[in-house]
Amino acid sequence: MLKRPNYKGKLIVVEGIDGSGKSTQIDLLYKWLQLQGKTVYFSEWNSSDLVKSTTRLGKDEKMFTPTTFSLLQATDFCDRWENHILPLLKAGAVVLADRYAFTAYARDVARGVDPHWIRNLYSFAFQPDLAFYFRVPLDVAVERITSARAKIKYYEAGMDLGLSENKITSFRLFQQRIIDEYEKMIAEFGLTVIDGTLPVEIQQKEIRKLVTKGLRGWASLPNPNAPRPARRPARRSPAPATPQKENSQ
Amino acid sequence: MSQGTFFGAGFPYRSLGDLPGKLVVLEGSDGVGRSTHIQLLRAWLESEGYAVSDTGLTRSPLTSPGLDAAKQGHTLGPRTLSLFYATDFADRLENNIIPALKAGFIVLSDRYFYSIIARDMVRGADPDWARKVYGFALVPDLVFYLRADVQTLVTHIVHGRGFSYWESGMDIRCADNLYDSFCVYQSRLIDQFDKMSEEYGFINVDATHSIASIQDTLKKQIRTLLETP
Numbered sequence: 003m004l005k006r007p008n009y010k011g012k013l014i015v016v017e018g019i020d021g022s023g024k025s026t027q028i029d030l031l032y033k034w035l036q037l038q039g040k041t042v043y044f045s046e047w048n049s050s051d052l053v054k055s056t057t058r059l060g061k062d063e064k065m066f067t068p069t070t071f072s073l074l075q076a077t078d079f080c081d082r083w084e085n086h087i088l089p090l091l092k093a094g095a096v097v098l099a100d101r102y103a104f105t106a107y108a109r110d111v112a113r114g115v116d117p118h119w120i121r122n123l124y125s126f127a128f129q130p131d132l133a134f135y136f137r138v139p140l141d142v143a144v145e146r147i148t149s150a151r152a153k154i155k156y157y158e159a160g161m162d163l164g165l166s167e168n169k170i171t172s173f174r175l176f177q178q179r180i181i182d183e184y185e186k187m188i189a190e191f192g193l194t195v196i197d198g199t200l201p202v203e204i205q206q207k208e209i210r211k212l213v214t215k216g217l218r219g220w221a222s223l224p225n226p227n228a229p230r231p232a233r234r235p236a237r238r239s240p241a242p243a244t245p246q247k248e249n250s251q
Numbered sequence: 014m015s016q017g018t019f020f021g022a023g024f025p026y027r028s029l030g031d032l033p034g035k036l037v038v039l040e041g042s043d044g045v046g047r048s049t050h051i052q053l054l055r056a057w058l059e060s061e062g063y064a065v066s067d068t069g070l071t072r073s074p075l076t077s078p079g080l081d082a083a084k085q086g087h088t089l090g091p092r093t094l095s096l097f098y099a100t101d102f103a104d105r106l107e108n109n110i111i112p113a114l115k116a117g118f119i120v121l122s123d124r125y126f127y128s129i130i131a132r133d134m135v136r137g138a139d140p141d142w143a144r145k146v147y148g149f150a151l152v153p154d155l156v157f158y159l160r161a162d163v164q165t166l167v168t169h170i171v172h173g174r175g176f177s178y179w180e181s182g183m184d185i186r187c188a189d190n191l192y193d194s195f196c197v198y199q200s201r202l203i204d205q206f207d208k209m210s211e212e213y214g215f216i217n218v219d220a221t222h223s224i225a226s227i228q229d230t231l232k233k234q235i236r237t238l239l240e241t242p
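These protein sequences, in sequence, are chains A and B.
Going by the working numbering, the first residue of the first sequence is number 3, and it counts up by one from there.
Going by the working numbering, the first residue of the second sequence is number 14, and it counts up by one from there.
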């Protein structure tokens, strides 16, 4: 487990391989929590403005080694941590993260870095209140990725590891290694496993149930922009558990 | 160094092989004269017939543009800065220092990760965390610590490049002006270097002496290293 100091907010993260459906689910959760009148902040892996140009350079020029790729992603995470995630957790917001330290623990180890080294690198991050791991068989993920996107990217396929000349084959070998690392982390970090092969709305129902339970009795930071139903819960029926279906991929 | 050793796990995905070169590090405060001594050492070593490669913090082509830009802004947090430097360091180690050592070069490194750790400590980082980040770093053959008091640094800075935001630690604002902040910040860094000196076995060199006398000290140690089989 990561450290768990006291802070007012709640941290909820989603993890899983590419094509596991985690981003779809966290997007639905984000909108639902907003409708509940919660103060919600969303942070995505590799999205720091400060680090963006360096990541772009490294990817375009294929300059990364497993260690520099790992360190730069940690830099990206840390920038988001110092400027957004930590202050918002302290302020009392719900922070949702699409990928978290566990992504590095899985992916960078699959790339060959030392598991203890990478665990130290992210040890400043807090243990989430809820960490969902979207488990899907490799074939399902590959099918989703190849049908939804033009092509798999070089580093996403782990082409830098020289596992195979063929991008799909390399992707499969690399993602399987990542799955193996995730599976080991379920117990280590108390990840909540979600069956990513179930229909989107069934998964979302389960997630909302667990989030509701996780937030029970907790007072969110007041949201002055909250929609009316959340401000006057007494006049309404209890929180609707009916998920709105949205475009899923 | 022949068989390189790492502070921690190194780079588990690559075998290092034989490293016939030597890694020589010059550490010390801002304005202590490291780059002058590296230039002089380089000329001397080349005249003796050795191939020399030099490197220094923030020179990685991967991180240099992004890190420069980040340092111009005001959102760069202390740990983010530290990790950016770690990325720079790792890139130069894997793509620059190790290949040069493999080719039998003498690598003169203007600072190593010790400087980064010293800065981290002054900014309140956990010492254990910071040290473990550099588990991938090679143990150098020699680390010289050019040590000078703050007043000597001030003299060099005034007659050199002038006081700067980062060298004065203005991100943590040790005082309300560049000069006072420089003095406080640099003395805190010196404390950290002094602590590390014993821990990592630095060779302490009194940098208040003349350039020629410092060169003599450095050359003597390097010659011994090169003559050791």
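One thing to keep in mind: the hints can contain errors.
Claimed, not checked - Pairs of lysine-lysine, BS3-like flavour, derived with a Cα cap of 25 Å:
{"#": "1", "chain 1": "A", "residue 1": "Lys-5", "chain 2": "A", "residue 2": "Lys-215"}
{"#": "2", "chain 1": "A", "residue 1": "Lys-153", "chain 2": "A", "residue 2": "Lys-54"}
{"#": "3", "chain 1": "A", "residue 1": "Lys-61", "chain 2": "B", "residue 2": "Lys-233"}
{"#": "4", "chain 1": "A", "residue 1": "Lys-10", "chain 2": "A", "residue 2": "Lys-92"}
{"#": "5", "chain 1": "A", "residue 1": "Lys-61", "chain 2": "A", "residue 2": "Lys-155"}
{"#": "6", "chain 1": "B", "residue 1": "Lys-145", "chain 2": "A", "residue 2": "Lys-5"}
{"#": "7", "chain 1": "A", "residue 1": "Lys-64", "chain 2": "A", "residue 2": "Lys-5"}
{"#": "8", "chain 1": "B", "residue 1": "Lys-145", "chain 2": "A", "residue 2": "Lys-186"}
{"#": "9", "chain 1": "A", "residue 1": "Lys-215", "chain 2": "A", "residue 2": "Lys-92"}
{"#": "10", "chain 1": "A", "residue 1": "Lys-186", "chain 2": "A", "residue 2": "Lys-64"}
{"#": "11", "chain 1": "B", "residue 1": "Lys-233", "chain 2": "A", "residue 2": "Lys-64"}
{"#": "12", "chain 1": "A", "residue 1": "Lys-54", "chain 2": "A", "residue 2": "Lys-64"}
{"#": "13", "chain 1": "A", "residue 1": "Lys-54", "chain 2": "B", "residue 2": "Lys-115"}
{"#": "14", "chain 1": "A", "residue 1": "Lys-186", "chain 2": "A", "residue 2": "Lys-61"}
{"#": "15", "chain 1": "A", "residue 1": "Lys-155", "chain 2": "A", "residue 2": "Lys-5"}
Said to hold, decoys possible - Chain B stretches covered by chain A per the calculated footprint, using a threshold of three residues with CB under 8 Å from any CB of chain A:
{"#": "16", "segment": "73-84"}
{"#": "17", "segment": "144-152"}
It is worth saying that the hints were derived from the structure and are not from the lab.
Quantities reported herein were computed from a predicted structural model and do not represent experimental measurements.
Ideal placement from N, C-alpha and C gives every residue a C-beta, glycine not left out.
Structure-based check of each hint:
no.: 1; hint: Lys-5/A x Lys-215/A; result: 22 Å, holds
no.: 2; hint: Lys-153/A x Lys-54/A; result: 21 Å, holds
no.: 3; hint: Lys-61/A x Lys-233/B; result: 44 Å, violated
no.: 4; hint: Lys-10/A x Lys-92/A; result: 5 Å, holds
no.: 5; hint: Lys-61/A x Lys-155/A; result: 10 Å, holds
no.: 6; hint: Lys-145/B x Lys-5/A; result: 17 Å, holds
no.: 7; hint: Lys-64/A x Lys-5/A; result: 35 Å, violated
no.: 8; hint: Lys-145/B x Lys-186/A; result: 23 Å, holds
no.: 9; hint: Lys-215/A x Lys-92/A; result: 21 Å, holds
no.: 10; hint: Lys-186/A x Lys-64/A; result: 30 Å, violated
no.: 11; hint: Lys-233/B x Lys-64/A; result: 42 Å, violated
no.: 12; hint: Lys-54/A x Lys-64/A; result: 15 Å, holds
no.: 13; hint: Lys-54/A x Lys-115/B; result: 33 Å, violated
no.: 14; hint: Lys-186/A x Lys-61/A; result: 29 Å, violated
no.: 15; hint: Lys-155/A x Lys-5/A; result: 34 Å, violated
no.: 16; hint: 73-84; result: holds (count 8)
no.: 17; hint: 144-152; result: holds (count 4)
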